[in-house]
Amino acid sequence: MKSQTSQLKEARYELVDVPEPMGPVTVTVDRRKVLDYAYSEDDFGSWYFGTSPFGGPVGHPLVLANDLLFLFYENYDGNTAQGLHTHEHLTFHSPVAVGETVTVEGGYTQKYERRGQGYVVLEAEARGADGRLLVRHVGKEIMRTVAGEVTGRNRTAGEARSRTVLGTVDPSVRPLERATLDAPERAALPRRTITFTQDQMSVFSWAGRGYANVHTHPEKAAASGLDRTIVQAQQQTGFIIANLVEVFGTTFFTSGEVDLRFVSPAFVGEELTTSGAVVGVRGDRLELEVWVDKADGTRTALGWASARVIDDPERPARLV
1 MKSQTSQLKE ARYELVDVPE PMGPVTVTVD RRKVLDYAYS EDDFGSWYFG TSPFGGPVGH
61 PLVLANDLLF LFYENYDGNT AQGLHTHEHL TFHSPVAVGE TVTVEGGYTQ KYERRGQGYV
121 VLEAEARGAD GRLLVRHVGK EIMRTVAGEV TGRNRTAGEA RSRTVLGTVD PSVRPLERAT
181 LDAPERAALP RRTITFTQDQ MSVFSWAGRG YANVHTHPEK AAASGLDRTI VQAQQQTGFI
241 IANLVEVFGT TFFTSGEVDL RFVSPAFVGE ELTTSGAVVG VRGDRLELEV WVDKADGTRT
301 ALGWASARVI DDPERPARLV
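Residues 1 to 320 in the UniProt record's numbering are what the sequence shown spells out, letter by letter.
Read the hints as simulated data drawn from the structure, not as lab findings. Some hints here could point you the wrong way.
[Stated by the list, open to error] With a straight-line Cα cutoff of 30 Å, these simulated DSS-like cross-link-like pairs (lysine-lysine) come out:
(1) K9 with K33
(2) K220 with K9
(3) K220 with K33
(4) K220 with K111
(5) K294 with K33
(6) K294 with K220
(7) K9 with K111
Can you build the whole structure from these sequences, using the hints too?
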């Protein structure tokens, strides 16, 4: 990251250039980075700390979550950012080995206004030391807003949709534990539950690097009209992906895809549960709906996921 904040722009919609390249940035996925991610997502799987089907330990599929999302910090002062993440599209192509140095590069590709808010689209990708593609990211964000005036609304209202998340399961069919191509439609996915603490949120959202925002500091949340900090949308994405690794195993690292919308805030200390349902099969890929719900039934995130299916029962063992 750039050290001279005086060289950085204030994070305001009107200052965004399109196209606006960012990076390249080099990032080493060392054991500390993996530990920080595992702690922030409560995802201490054996593949991340020892032997994996890929050889030695690998990073979580989304271990580079914020290296992709926060790439705009290369051009903008992250402490002036007041955005809200509304849409996340990720494709996974290859695992990253623990200890590998990767390159992250991308930039803003679109900006537009809708319902009085300025949206930006950031596209980025991470490549391994040998040049292989690891993960691609396309994120949409309201560039600057008062979070308390937007959270709780359907921020994707009015957008054209080619498909809709039904968000229902068929209780008459057996729930899905492992991906199979003969899985019945609307079969329920496994359920995974978490309550994010402020410490986890602060680690995930880079408070230790000096960034203060509505995820890391109650004062920033209060200034945005919120009574407490909110879970970063990308942290919810990692929570969903941890469940998808349980469903697909190794193929999620090499062929996984998620396309998510964030529709309601998740606050610190709230119990969250991710699950989903089988939609169908496309070639050798199983297609799913996925979502995150609060304990009171409020849905915070929803979308679609898919990956190739192979006959391999191996999954990471939970170490903690």
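Can you name, in rising order, the numbers of the hints this structure does not satisfy?
none
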